[in-house]
Structures are given as C-alpha cells and as structure tokens.
Amino acid sequence: MATNLKTLVQNEDLLTGGHRACAGCTGANILRQIMLTAGPNTVMGGATGCMEVITTIYPYTAWKTSFIHTAFENVAATISGAETAYRSLKKHGDLAPEADKVERMNFIAFGGDGGTYDIGLQSLSGAMERGHNMLYVCYDNGAYMNTGIQRSSATPFGAHTSTAPAGTVKQGKEQDRKDLTKILVAHKIPYVAQTTPFHWKDMATKVEKALACDGPAFLNILMPCTVGWGFPMELGMQVAKEAVENNFWPLFEVENGVYTINKKPKETKPIADWMKGQARFRHCFKPGNEGLLEHAQAWVDQQWAELLKLEEMTNA
Amino acid sequence: MNLKRAQELPEAGIIPEAGNAAEFKTGDWRTYVPQFVEENCIHCMFCWVYCPDSAIEVDTSGEKPQMKGIHLDHCKGCGICATECPPAKKGKAALVMVREEK
Amino acid sequence: MTKTANQELVALSGNEAVAFAYKQARPHVASAFPITPQTEMMHKFAEFVANGQSTAEMILVESEHSAMSAAVGSAAAGARTITATSSAGFALMWEMVYVAASLRLPIQMAMVNRALSGNINIHCDHSDSMGGRDAGWIHHFCENAQEAYDTSLINFRIGEHMDVRLPAMVNYDGFIISHKEDALYMLDDDAAFDFVGPYKHKYTLLDPANPVTVGPLDLTDYYFEHKWSQMESYSRVFDVAETVFDEFAQLTGRRHDMWEEYKMDDAEMVMVILGSSAGTAKDVVDQYREKGVKVGLLKLRMFRPFPAEQLIPVLSGRKSVAVLDRSASFGGWGGPVFNEIRSALYGVNNPSPMHNWIYGLGGRDFELHHAAEVIDAMQKIAAGGDVPTLNLLGCRA
Numbered sequence: 001m002a003t004n005l006k007t008l009v010q011n012e013d014l015l016t017g018g019h020r021a022c023a024g025c026t027g028a029n030i031l032r033q034i035m036l037t038a039g040p041n042t043v044m045g046g047a048t049g050c051m052e053v054i055t056t057i058y059p060y061t062a063w064k065t066s067f068i069h070t071a072f073e074n075v076a077a078t079i080s081g082a083e084t085a086y087r088s089l090k091k092h093g094d095l096a097p098e099a100d101k102v103e104r105m106n107f108i109a110f111g112g113d114g115g116t117y118d119i120g121l122q123s124l125s126g127a128m129e130r131g132h133n134m135l136y137v138c139y140d141n142g143a144y145m146n147t148g149i150q151r152s153s154a155t156p157f158g159a160h161t162s163t164a165p166a167g168t169v170k171q172g173k174e175q176d177r178k179d180l181t182k183i184l185v186a187h188k189i190p191y192v193a194q195t196t197p198f199h200w201k202d203m204a205t206k207v208e209k210a211l212a213c214d215g216p217a218f219l220n221i222l223m224p225c226t227v228g229w230g231f232p233m234e235l236g237m238q239v240a241k242e243a244v245e246n247n248f249w250p251l252f253e254v255e256n257g258v259y260t261i262n263k264k265p266k267e268t269k270p271i272a273d274w275m276k277g278q279a280r281f282r283h284c285f286k287p288g289n290e291g292l293l294e295h296a297q298a299w300v301d302q303q304w305a306e307l308l309k310l311e312e313m314t315n316a
Numbered sequence: 317m318n319l320k321r322a323q324e325l326p327e328a329g330i331i332p333e334a335g336n337a338a339e340f341k342t343g344d345w346r347t348y349v350p351q352f353v354e355e356n357c358i359h360c361m362f363c364w365v366y367c368p369d370s371a372i373e374v375d376t377s378g379e380k381p382q383m384k385g386i387h388l389d390h391c392k393g394c395g396i397c398a399t400e401c402p403p404a405k406k407g408k409a410a411l412v413m414v415r416e417e418k
Numbered sequence: 419m420t421k422t423a424n425q426e427l428v429a430l431s432g433n434e435a436v437a438f439a440y441k442q443a444r445p446h447v448a449s450a451f452p453i454t455p456q457t458e459m460m461h462k463f464a465e466f467v468a469n470g471q472s473t474a475e476m477i478l479v480e481s482e483h484s485a486m487s488a489a490v491g492s493a494a495a496g497a498r499t500i501t502a503t504s505s506a507g508f509a510l511m512w513e514m515v516y517v518a519a520s521l522r523l524p525i526q527m528a529m530v531n532r533a534l535s536g537n538i539n540i541h542c543d544h545s546d547s548m549g550g551r552d553a554g555w556i557h558h559f560c561e562n563a564q565e566a567y568d569t570s571l572i573n574f575r576i577g578e579h580m581d582v583r584l585p586a587m588v589n590y591d592g593f594i595i596s597h598k599e600d601a602l603y604m605l606d607d608d609a610a611f612d613f614v615g616p617y618k619h620k621y622t623l624l625d626p627a628n629p630v631t632v633g634p635l636d637l638t639d640y641y642f643e644h645k646w647s648q649m650e651s652y653s654r655v656f657d658v659a660e661t662v663f664d665e666f667a668q669l670t671g672r673r674h675d676m677w678e679e680y681k682m683d684d685a686e687m688v689m690v691i692l693g694s695s696a697g698t699a700k701d702v703v704d705q706y707r708e709k710g711v712k713v714g715l716l717k718l719r720m721f722r723p724f725p726a727e728q729l730i731p732v733l734s735g736r737k738s739v740a741v742l743d744r745s746a747s748f749g750g751w752g753g754p755v756f757n758e759i760r761s762a763l764y765g766v767n768n769p770s771p772m773h774n775w776i777y778g779l780g781g782r783d784f785e786l787h788h789a790a791e792v793i794d795a796m797q798k799i800a801a802g803g804d805v806p807t808l809n810l811l812g813c814r815a
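Chains as they are written, first to last, in the working numbering: chain H, 1 to 316; chain R, 317 to 418; chain C, 419 to 815.
Same shape as in the complex, but just chain H (with noise of 0.2 angstroms):
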C-alpha cells in the first residue's frame, strides 16, 4: 500500500492524457488516483456520464486495463455480472492462463452522483445485497454535469441547476441532499467511505481497503466541478480541501458497522465562505436569502452532530 507520494509515483499511470475532461477537472483525477492504487489487474466499469465519455470517445480510449460502458443506471449490474463470470471462470478452469496468474482480481463500477443516487440506486443497492466481490466508486459532483448540469438528489440544498435554477421565484434546489453513504451503511457491507480527489494519502489508503476487503465496498467521492459549481479552474482541489474543513464532506470510514471519523477539524470553517467562491450559490447572498444560507448551515451542523453521535454508537 502506498501511502507516501514518492512510492505511489513509482506505480504505471494507468489512465493516460488526452482525455476530453474540462481543464480542471477533478473527476478525471480521481480516476487516475484510483488506478494508481488499484493497478493493472482491474476490471472497470463506466455508468455513462462525464467520467465515461472524457475517456473513451472511439477510437479513443484513456484506459489501459479493460473498462466496460453499458448504459447508465447499470454499471453495478454490469460489473456485478463480469465479477461472477471472473469467478465462474476461475471454478471451472477456463480463464486464461493470464488472467487464471492474478492474485487479486479488482472489479471497479465508478458512477457519478446522477447514475449512482438517483438512476443507478437499484442496480447499486441490488449489487451490494448479492455480496459481490467489487467496489462501487460514486463521483458525486452534485448534479447531472455532462447532460448540462442538471438537478440530482446529491444536488445540495439551495444550489442553481439547470432544471432548478434560481429566479425570482425560486431560488434553486428546494429539497437537501439524499444522504447515501448512509443508504451504503444500511447495506451493511464490509466497506464504505468518503473522501476527496485532495486527500490524496487518505483516498490512496481507502481504495486499497475498499478492494481488499472480501465482498462489496462503497466509496463516495466529492467531486467538486469547475464548470458546474462555478469557480476558476485552478482552483479544484482548493475546494474538495474546504468541504472538509466545513464539514460539508466529511472525511470517515465504516468498517462492518463501525464509524471512524478521519478528519475532525479543529475549527469549522462556516459553509457560506466556501459556498461564496461559487456561482451556483451567488443567489444566496442576494438580500432576502439569508435563510437559505442558514438551512445550509444548520444542515451541514446537523450532519456532523449525527456523525459523531454515530461513531461513538458504533465504537462503544
């Protein structure tokens, strides 16, 4: 396990450049990050969206293990299905002798917050049950980006998204964001998790647990979005940085049932400075809109209180 920069760069970059991702674009690292950890011996899937059309516009691709794409709201059903024939395989003796060599095969389903939390919640929540042997990695960017930055149920409260914009009358997302990692708890399989493209040591260290871990792992990636979220380019990991200190994402493992918090700032920083540096949320700092402000807030306080009173629950 590699959990020093100078070790983890020793390993093959197994996404290359020349991908079509937004300059920017945190998602794309992720999927470097993730492979860098999991190594050639993986089998990944797509759920169409950003992710999977920056990477393989034929003749094109930017992945040098095998990937699969199907269809969007079935990248778990789909990876659920080469997971079993790699077993079935292995059973019976036909795999190639190649494939037959590899210790630990990794199967990786990786889908956005849109065919993850709202299209792709069946087939996810039906892979996880079957107990197979995979990780579902979700980059939640918080709305329907490559299809024009649409709503999604991880879309946070208050925020301007195409098919919910702020106005004069409404005034962006009226519902909070669908907690599913808890959703993934509630599973009770053996691994789940948060962290962020900027936590690099942490995510190399989840990604190496997720994938050892014998049965289904879950990792919920924050996925902050230049062009949808609205700040300059450079400043990506800047943001994924800030939505831990503020608690907006927490940083936190559950191994079979029990929590542990990785990061408990020692200050939080309050959610309106973050929200600021983006355009999705300038119609909340329109006189009149303090409430949503402190909805958001109140939500974020909310959140962190439970977390804690879940890791203690878990731990005693």
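One or more of the hints may lead you astray.
Stated by the list, open to error - Here are the simulated SDA-like pairs of lysine to any residue, each with C-alpha atoms no more than 25 angstroms apart in a straight line:
hint, chain 1, residue 1, chain 2, residue 2
1, H, 241, R, 348
2, R, 405, H, 277
3, R, 341, H, 53
4, C, 645, R, 405
5, R, 384, H, 178
6, H, 178, H, 129
7, R, 406, H, 233
8, H, 188, C, 476
9, H, 90, C, 808
10, C, 645, R, 336
11, R, 384, R, 405
12, H, 178, H, 252
13, C, 618, H, 93
14, C, 598, C, 673
15, H, 90, C, 598
16, H, 201, R, 377
17, H, 6, R, 402
18, C, 620, R, 326
19, R, 406, H, 231
20, C, 618, C, 794
21, R, 384, H, 5
22, C, 645, H, 53
23, R, 380, H, 13
24, H, 6, R, 359
25, R, 384, H, 39
26, R, 405, H, 252
27, H, 241, H, 5
28, H, 241, R, 357
FYI, nobody ran anything at the bench for these hints, they're computed from the structure.
Fair warning: this is a prediction, and the values are worked out from it, not measured in the lab.
Based on these hints, arrange chains R and C on the given structure of chain H.
Below, chains R and C without anything else, positioned relative to chain H:
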C-alpha cells in the same frame, strides 16, 4: 484524421488499443501554460498527484523521483499544479502559470 | 442412415425442457429475474444448481434490466451466459437487449412469449419478441416442448459461431408450451454438451495482457460503420444455421429448418404461422386436405434474421397466402410477420395474394374453427372473391 472504413474496424465497436488516447493532443486547449521553475522545486510530487491529465513528467529512475516538467501535448493549462505547489505558498513557486504565446 | 444418438423419451413442460437444455449446455453464468410465465424455467435451473447438477453461477438480480446488464458484463468477461424473460421483463431490459447485440455477445435467452401491458396480461402472444425485432438478436420460434429443447441447443451453436457472434432467443408460447406437460426426446448430458461444445470468446475483459475498452462513445463519424458490421454478422447466420441444422438432424434424427413446410408441395393456399398455433392449424389443414382442398401450412421458425430471399420461391405462385400474426403493430399496416413476408414478395414474377389475420392476443385461444375461418377465406380469395387484406381473428368486435 483518416476515417477508417467499416471493414477495417474491430468488431463490436471495441477498442483493443489500450491507452491510445495518449496519441490525442489536448495541449492546444490551453490559454495559460505552467512554467517549471526547477530551482524552487522540492520534488514533493503534489503536482503529479493532482494533475487531471497525467501531464506531469516524473523521472523515477533514480533513488528519489524527480519532477522533470510538463507534458505539453496533454496539459490543458488548468493551473491546479501551480495552485497546489507547496513552495508557492512561501512565494517560491516551482510552477507559475503564464499566458502562452502561440 | 447414420445412427442417431441415444435419446430418452420424457414428459416435461416446455419450461422444464428448456431448463434441461440450458443445464446441458453448461453455462458459466445464469442471470435472470422472475416473470410469469418464465418463472418455472429458472426454478428448474436453480434446482439443478442447488443439487450440484449444474455448476453455473447464478446472479439473482433485482430487475430484468439488471439481468441483461449482468449478462452483458458476464459475456464480455468471456463466460457462456444465459438468461430468460417474458413480456414486461423484456420491455424493461429493452435498452440492454440492443447493447448485447451491438457488443456481439452470444447471450442465450429463453423468451416465454407473453403479451405486453397494458392492460397487464400474463398470457401468450408474440408482442414481446416482436417488439424487439429490430435489436439484432436471432429469433427462433417453437411449436412445442421438443422444438423448444432442440432450438435451445441449436441457438448456442449458431449464436456462438465465430462468424456470427450474436445473442439468440428461443421463443416459446407462454403457458401453452411453457407449462403444458409434453413428450419429447432428450439427449443425454454428454451428447448435448458435445453438440454445443465448449465456449470460446472473441474478446474478454479478463485478459490483463490484452486490455480492451468495451462500449465506448461513438460520435457521428463511426456509429454507422459499427452498425454495418452488425448487419454483416446477421447476414452470415443463414449459412451457419444450415450447417448446424444438418448436424443436429444427424445427431437426433430431427431436422429443424428456418421454417417447416406442411403439405405445401401442391398447395394452392398457404397459411403462414408461428409458434404453438401451428399444431392446431396442421390438424385443420389435414381436415381440409381430406376434403380435397389443396391447402398447406408454412410454420416459420426463424424470424430474425428474416429469410426473405429463401422464402420467395416458396410463397410465390400460390392462389392465396394467409399470414397469421400473434401480435399487432399498432398504427402499422398489418402485423409484423405479414409486413415482412409481403415486403419480401413484392415485385416477384409470380406474386401471391397476401392477407393478414391478427389472432390470439393476450392468450385468446386459437381454436380449430379459427384456422377453418382462415382457410375458408383463402378459398374465397383463390376463387377471385373479395376479402379484406387486414383482419382480426377471434376478437369480439
């Protein structure tokens, strides 16, 4: 780009040439380009880990990995590397974004 | 006459017969979600797995869309993969049915024909299979449990052939064939597997030495060429099927072609029909033949790819051809089989008058007198009388 005929394509629409996106140049997307100031570089590898486009060239042949420069065919000039460069916070950036002259 | 293989005469339902065939083919993976009237097929298969008679890995998915998705993932990983569905289940996986064919994955599916909703109806018609006729699968229709068993095995050989590599479905009528206890001859396990043969993949996700990207994004510059390749593979099915039919006939003594001709040599009138209703219709053909009426029956088995060129000489030059469809194409001019046949016969030197009867929707029984009604109409047409081109059969309207 030469478009292949149907008969020349692998069946099922698959791409058997793994990683051939490396041949696709995205460097012309840039407005700004990172300039590598080698004397300030502490070879911490932050730029390498944070780059979305695998565009940081690192030499791993020696005892310690050495940041060598930018792979200009792929660098989109996003500036994440320059933002995350630790020496930059002390005013001695090893990567500085400058407007690229074409 | 070469000696055929040892076969046991057994009493099984269509679902059970297909389950046996699938067991004998030794799939690596079975991925399915239950839906009436397919359910008992997977129950039987699951029983085989539970008792160690099949070592397939089952994926008990949470929906039909996931059933086909997992099947695609499995086949793309180089495993022999089977699934099964009906009606709304097929409709739910519709998106993935197209993907399976475009990825040239020879997945095998038991399609237990049932009407599409609405209203919801669990009984037999062909609207499910016909609804997916453009997806690029091989569609075979069966008259009885024997054909369902035989065709299940045959489909592996055609679909998995390296020149073809297309997914295939064996269609058999819901409840009528699937649930009815029938008598059929079954090969023993080894003979059946020898016929099907071990699985060979064309590409696989599971070769670290040769990683492959499956299902990339096509822009306007390549999609059309990829579709050409699919069309080409389809055109190779006929020749491959012929050799497989030959081999199967040698093995079992039963010859299944793309269609069966029943008393057609000197037939002036021909009824074209698919599925179990052919059995009923044959009885009525016999009755009319006894009276000296020159009527015959063409039981179409291979609907996709559609053997247009091959059918032209057989259906030309008749005094009447009645095409019976067990599904409607709403807003279209006649049912799907009628349209394909009429289109194939357009402009031939010796055309036959063609008429359509849509029958049996939602499990409406196809009775002897229905077949008689059609033959009577054909006699009228043959005598120069006027009969509407499009008709419904057995509907109280």
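Now the hints, each set against the structure:
1. For a cut-off of 25 angstroms, the pair hint linking residue 241 of chain H to residue 348 of chain R stands: about 24 angstroms separates their Cα positions.
2. Restraint check for residue 405 of chain R and residue 277 of chain H: the C-alpha separation of about 20 angstroms stays at or below 25 angstroms, so the hint holds.
3. Proposed proximity of residue 341 of chain R and residue 53 of chain H is supported: the alpha carbons are some 17 angstroms apart, at most 25 angstroms.
4. Between residue 645 of chain C and residue 405 of chain R the alpha-carbon distance is near 54 angstroms, which puts this suggested pair outside the 25 angstroms criterion.
5. A hinted pair counts as satisfied when its Cα atoms are at most 25 angstroms apart, and residue 384 of chain R with residue 178 of chain H does not qualify at roughly 44 angstroms.
6. About 20 angstroms separates the Cα atoms of residue 178 of chain H and residue 129 of chain H, which keeps this hinted pair within 25 angstroms; it holds.
7. A threshold of 25 angstroms between alpha carbons decides the hint, and for residue 406 of chain R with residue 233 of chain H the separation of about 22 angstroms falls inside it, so the pair holds.
8. For a cut-off of 25 angstroms, the pair hint linking residue 188 of chain H to residue 476 of chain C stands: about 22 angstroms separates their Cα positions.
9. A C-alpha spacing of about 55 angstroms is found between residue 90 of chain H and residue 808 of chain C, which places the hinted pair above 25 angstroms, so the restraint is violated.
10. For the proposed pair residue 645 of chain C and residue 336 of chain R, the alpha carbon gap of about 23 angstroms is at most 25 angstroms, so the pair holds.
11. Between residue 384 of chain R and residue 405 of chain R the CA atoms are separated by roughly 21 angstroms; this keeps the pair inside 25 angstroms, and the hint holds.
12. Restraint check for residue 178 of chain H and residue 252 of chain H: the C-alpha separation of about 17 angstroms stays at or below 25 angstroms, so the hint holds.
13. Using a Cα cut-off of 25 angstroms, the hinted pair residue 618 of chain C and residue 93 of chain H holds, with the two alpha carbons roughly 13 angstroms apart.
14. Restraint check: the Cα-Cα separation between residue 598 of chain C and residue 673 of chain C comes to about 23 angstroms, which is no more than 25 angstroms; the hinted pair holds.
15. For the hint linking residue 90 of chain H to residue 598 of chain C, the alpha-carbon distance of about 38 angstroms lies beyond 25 angstroms, and the restraint is violated.
16. Between residue 201 of chain H and residue 377 of chain R the alpha-carbon distance is near 23 angstroms, which keeps this suggested pair within the 25 angstroms criterion.
17. In summary, the hint linking residue 6 of chain H to residue 402 of chain R is supported, as the alpha carbons are separated by about 16 angstroms, within the 25 angstroms threshold.
18. Between residue 620 of chain C and residue 326 of chain R the CA atoms are separated by roughly 11 angstroms; this keeps the pair inside 25 angstroms, and the hint holds.
19. Taking the CA atoms of residue 406 of chain R and residue 231 of chain H, the gap is about 24 angstroms. The hint holds against a cut of 25 angstroms.
20. Note on residue 618 of chain C and residue 794 of chain C: the hinted pairing is violated, with a Cα-Cα distance of about 51 angstroms set against a maximum of 25 angstroms.
21. A distance of roughly 16 angstroms separates the Cα atoms of residue 384 of chain R and residue 5 of chain H; the hinted pair therefore holds under the 25 angstroms criterion.
22. Between residue 645 of chain C and residue 53 of chain H the CA atoms are separated by roughly 20 angstroms; this keeps the pair inside 25 angstroms, and the hint holds.
23. Using a Cα cut-off of 25 angstroms, the hinted pair residue 380 of chain R and residue 13 of chain H holds, with the two alpha carbons roughly 18 angstroms apart.
24. A C-alpha spacing of about 9 angstroms is found between residue 6 of chain H and residue 359 of chain R, which places the hinted pair at or below 25 angstroms, so the restraint holds.
25. Taking the CA atoms of residue 384 of chain R and residue 39 of chain H, the gap is about 24 angstroms. The hint holds against a cut of 25 angstroms.
26. Annotation: proposed proximity of residue 405 of chain R to residue 252 of chain H is violated, straight-line Cα distance about 28 angstroms (limit 25 angstroms).
27. Between residue 241 of chain H and residue 5 of chain H, the direct Cα distance comes to roughly 18 angstroms. Compliance with the 25 angstroms bound is thereby established for this hinted pair.
28. The suggested pairing of residue 241 of chain H with residue 357 of chain R holds, with an alpha-carbon distance near 23 angstroms, which does not exceed 25 angstroms.
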